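Chains as they are written, first to last, in my numbering: chain A, 1 to 359; chain B, 1 to 419.
No lab work stands behind these hints: they were computed from the structure.
Do not take every clue at face value.
To be verified - List time: in silico DSSO-like cross-link candidates among lysine-lysine, alpha-carbon distance up to 27 Å: (1) A:Lys18 / B:Lys68; (2) A:Lys213 / B:Lys68; (3) A:Lys103 / B:Lys124.
Note that the coordinates shown come from a computational prediction; the quantities given were computed from them, not determined experimentally.
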Amino acid sequence: MAAITYKNASCIYEGSDKLAVDSLSLDIQDGEFVVLVGPSGSGKSTALRMLAGLEDIDEGAIEIGGKDMTGVPSKDRDIAMVFQNYALYPNKTVAENMGFALKLRGVSADERRKKVEEAAKILDLTEHLDRKPAKLSGGQRQRVAMGRAIVREPQVFCMDEPLSNLDAKLRVQTRTQIAALQRRLGTTTVYVTHDQVEAMTMGDRVAVLRFGKLQQFASPNELYDKPANAFVAGFIGSPAMNLVTLPVASDGVKIGDSTLELERDQLTKLSDLGLSEVTFGIRPEQLELTDSGGVEVVVDLVEDLGSEAYVYTHAGSGVELVARCNPRTAPKLADTVRLRRHPEGAVHLFHPETGERIN
Amino acid sequence: MQAPEFRLRTPTPGLLGLPWDRPLSEWTVPDVPLRDIAVGPSRHLVKFVDADDTLWAVKDMPPRVAAKEYDVLRRLEEMGLPAVRPAGLVLQPEFETAILVTRYLEGSWQYRRLFMRLPPDQPKHRERLLDAMAGLLVELHRHGVFWGDCSLANTLFSRDGQILQAWLVDAETSEVHPVLSRGQRAHDLDIMVENVAMGMVDLAERLEQSALEDVLIAEAEQTRNRYERLWDALHAEPMFDFADRYRVEGTVRRLNELGFAVDEVALQPVADNPSQLKIRVAVGDRRYHAQRLQELTGLDVGEGQAQILLGDLQAYQAALCREAGHDVDDSTAARLWVIEVLTPYERLAHDVVGNKGTPIQAYCDLLEVRWLLSEKAGHDVGTNKALAALARDVIPIDSAAKLAIAEVPTAPFTVLRDE
Numbered sequence: 001m002a003a004i005t006y007k008n009a010s011c012i013y014e015g016s017d018k019l020a021v022d023s024l025s026l027d028i029q030d031g032e033f034v035v036l037v038g039p040s041g042s043g044k045s046t047a048l049r050m051l052a053g054l055e056d057i058d059e060g061a062i063e064i065g066g067k068d069m070t071g072v073p074s075k076d077r078d079i080a081m082v083f084q085n086y087a088l089y090p091n092k093t094v095a096e097n098m099g100f101a102l103k104l105r106g107v108s109a110d111e112r113r114k115k116v117e118e119a120a121k122i123l124d125l126t127e128h129l130d131r132k133p134a135k136l137s138g139g140q141r142q143r144v145a146m147g148r149a150i151v152r153e154p155q156v157f158c159m160d161e162p163l164s165n166l167d168a169k170l171r172v173q174t175r176t177q178i179a180a181l182q183r184r185l186g187t188t189t190v191y192v193t194h195d196q197v198e199a200m201t202m203g204d205r206v207a208v209l210r211f212g213k214l215q216q217f218a219s220p221n222e223l224y225d226k227p228a229n230a231f232v233a234g235f236i237g238s239p240a241m242n243l244v245t246l247p248v249a250s251d252g253v254k255i256g257d258s259t260l261e262l263e264r265d266q267l268t269k270l271s272d273l274g275l276s277e278v279t280f281g282i283r284p285e286q287l288e289l290t291d292s293g294g295v296e297v298v299v300d301l302v303e304d305l306g307s308e309a310y311v312y313t314h315a316g317s318g319v320e321l322v323a324r325c326n327p328r329t330a331p332k333l334a335d336t337v338r339l340r341r342h343p344e345g346a347v348h349l350f351h352p353e354t355g356e357r358i359n
Numbered sequence: 001m002q003a004p005e006f007r008l009r010t011p012t013p014g015l016l017g018l019p020w021d022r023p024l025s026e027w028t029v030p031d032v033p034l035r036d037i038a039v040g041p042s043r044h045l046v047k048f049v050d051a052d053d054t055l056w057a058v059k060d061m062p063p064r065v066a067a068k069e070y071d072v073l074r075r076l077e078e079m080g081l082p083a084v085r086p087a088g089l090v091l092q093p094e095f096e097t098a099i100l101v102t103r104y105l106e107g108s109w110q111y112r113r114l115f116m117r118l119p120p121d122q123p124k125h126r127e128r129l130l131d132a133m134a135g136l137l138v139e140l141h142r143h144g145v146f147w148g149d150c151s152l153a154n155t156l157f158s159r160d161g162q163i164l165q166a167w168l169v170d171a172e173t174s175e176v177h178p179v180l181s182r183g184q185r186a187h188d189l190d191i192m193v194e195n196v197a198m199g200m201v202d203l204a205e206r207l208e209q210s211a212l213e214d215v216l217i218a219e220a221e222q223t224r225n226r227y228e229r230l231w232d233a234l235h236a237e238p239m240f241d242f243a244d245r246y247r248v249e250g251t252v253r254r255l256n257e258l259g260f261a262v263d264e265v266a267l268q269p270v271a272d273n274p275s276q277l278k279i280r281v282a283v284g285d286r287r288y289h290a291q292r293l294q295e296l297t298g299l300d301v302g303e304g305q306a307q308i309l310l311g312d313l314q315a316y317q318a319a320l321c322r323e324a325g326h327d328v329d330d331s332t333a334a335r336l337w338v339i340e341v342l343t344p345y346e347r348l349a350h351d352v353v354g355n356k357g358t359p360i361q362a363y364c365d366l367l368e369v370r371w372l373l374s375e376k377a378g379h380d381v382g383t384n385k386a387l388a389a390l391a392r393d394v395i396p397i398d399s400a401a402k403l404a405i406a407e408v409p410t411a412p413f414t415v416l417r418d419e
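The task is simple: from the sequences and hints, build the whole structure.
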């Protein structure tokens with residue numbers, strides 16, 4: 001097990017003038033589960049591959065357990081890429097399938113059996129060890145693939161979108177298993193996904209990347225409650241945060257003729273910065289229906305999820321707002337209703353040009 | 001119902017008429033013309049369909065992965081790399097899934113099928129298999145393709161003269177980059193060695209040859225050396241004195257012997273020793289002999305076949321010159337060789353092997369058997385004796401001709417094999 005440090009690490013793709021990963025700095029603690037998340041082209045996979053030795057570290061450094069990995073071949077880094085090698089061999093037992101990499105490394109039969117049995121116990125595969133893989137379910141096969149990496153007892157697990165080629169049901173099942181397994185083993189893990197739900201449910205901390213640059217590295221709660229910029233605010237959360245650029249008035253922000261009130265200290269910050277407009281963010285659950293005051297909107301769509309409903313609306317000025325409400329009292333399509341900020345609801349203010357958080 | 005969304009490259013009626021509105025798991029005979037082709041265990045459900053006299057592989061996958069694999073396979077096709085050809089992508093939003101359609105590679109086999117019919121322990125044939133794997137990985141890597149899951153099970157093999165040609169059939173984990181890093185290549189190579197070892201060991205278990213395990217593992221480890229030797233030959237940048245520049249020819253010849261055409265040779269003075277030159281060779285396709293044969297005869301064959309056929313043509317030309325008492329030019333010799341030698345004997349050879357494989361491969365097998373028997377006898381045994389040996393299948397067990405295998409049966413079947 002080991003801590004991992006990215007120190008201003010950069011990767012330049014050959015023939016490109018842009019950095020695939022631009023001065024990435026991350027301190028990952030020993031035993032931590034860190035998720036790298038971002039849209040396509042964000043550099044998340046490249047950042048993981050730099051750690052695994054599959055991409056060069058062109059500038060800066062990456063350390064594993066305090067040792068600089070620049071120039072160290074992949075196989076000498078004591079990491080395991082989980083799930084990449086899925087192939088199962090039909091004539092060999094599950095135990096032989098799991099322990100084969102150890103055999104190639106010259107580990108004795110006794111030692112192999114011991115490590116395979118330990119891994120099987122953790123993966124709940126003990127009773128299948130002497131069976132052939134054909135008898136396994138899809139989920140069990142996934143666990144054998146995990147077992148392959150576990151028996152090697154690496155310092156670090158690297159997982160690059162490991163669930164992307166599973167069907168929806170198996171994806172949720174395997175997601176839970178990976179998170180539970182990592183907690184039991186305590187092996188430092190770096191996990192890449194484009195799916196923010198996966199990131200938020202699995203990671204101790206999540207690093208959000210965009211265009212090769214780190215946007216924020218924080219716990220899921222902090223990312224959700226205090227996004228560092230408008231990009232993170234819009235990327236994390238489902239449905240996404242309402243984010244609109246609005247004119248600033250003396251007591252709040254204007255949506256058409258209505259005003260959404262802001263706190264005094266928020267108004268002070270806006271005035272200190274001399275902003276006449278601001279990117280205003282509010283999560284759907286922080287907006288509520290009201291009989292008077294607030295903003296008048298027209299309902300475009302109601303998404304009833306049973307336990308809650310999301311009301312998609314637009315105001316007269318064209319501003320679109322999504323609000324969460326009780327499905328029993330949800331308005332109907334084309335109704336005109338009023339929305340206001342929940343009395344304790346947080347608002348997020350971002351600089352309209354830089355996107356940086358203001359409040 | 002939400003209709004499926006199609007991207008088909010050959011929108012034939014048979015393919016369009018398949019029940020795309022149903023999940024692949026529900027495609028059954030006799031409604032759908034499925035064909036029984038044994039494939040190893042795979043991550044996703046794969047079936048084979050016969051439509052418009054063509055065999056198609058259809059694979060059920062999550063849409064994102066299917067679209068990615070389709071795009072990668074198209075890139076591989078554009079680069080002319082040996083890989084299965086993508087035929088279409090059908091999104092089934094109703095079931096949140098997608099079906100990737102590829103054209104089945106005719107005249108190609110799973111390694112299990114090639115080896116199951118041979119007596120156990122065939123080091124020479126295994127060598128052919130490992131050379132093919134290493135050759136394929138080098139070809140992919142020098143075009144910037146990271147495979148990610150290189151294994152015998154994800155490869156099909158076709159016969160090409162005395163060698164095997166390997167074809168990538170699963171690109172789920174593959175990526176195309178402008179250039180691969182050393183780390184990416186090393187990682188792919190590690191995956192290949194482990195998977196090849198496991199694939200061979202697994203087959204030995206099936207053949208009840210578990211005692212061979214250590215030998216097979218050692219051979220699989222050697223795949224790394226096969227890969228590296230070929231990679232180094234293609235990427236070497238030898239240096240020598242300006243006066244020794246004729247040595248370029250040797251470098252080019254070595255590459256040609258390996259089957260690679262040379263696009264360009266650059267000779268540049270070495271920065272810290274300007275009297276020295278560094279050679280950099282831009283290597284083209286691995287079809288050097290195939291192109292030469294095509295220029296001479298119009299025949300379009302594999303590189304391995306072309307190497308053998310050009311040898312035969314050269315021997316014929318030499319005999320012709322002796323007979324005529326003067327030089328016979330290449331194109332005249334080639335024309336006569338096709339008429340007098342290749343055409344009649346490839347038909348005979350194909351007949352005696354029961355029309356297995358292609359006529360041209362049958363002729364290559366005939367040449368190989370003739371050569372092996374002559375070596376053993378210490379003199380040329382002649383074509384008819386070789387034909388007789390081929391007909392009775394009394395040929396050396398490690399000859400490439402032993403790999404001749406019947407075409408895929410296309411009879412419909414009733415139950416899908418679940419491995």
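Comparing the hints with the structure gives:
1. About 23 Å separates the Cα atoms of lysine 18 of chain A and lysine 68 of chain B, which keeps this hinted pair within 27 Å; it holds.
2. Only pairs whose Cα atoms come within 27 Å are accepted, and lysine 213 of chain A paired with lysine 68 of chain B is accepted, the gap being roughly 25 Å.
3. At most 27 Å may separate the alpha-carbon atoms for a hinted pair to count; lysine 103 of chain A and lysine 124 of chain B meet this at roughly 25 Å.
Going through the hint list in order, the structure satisfies each hint without exception.
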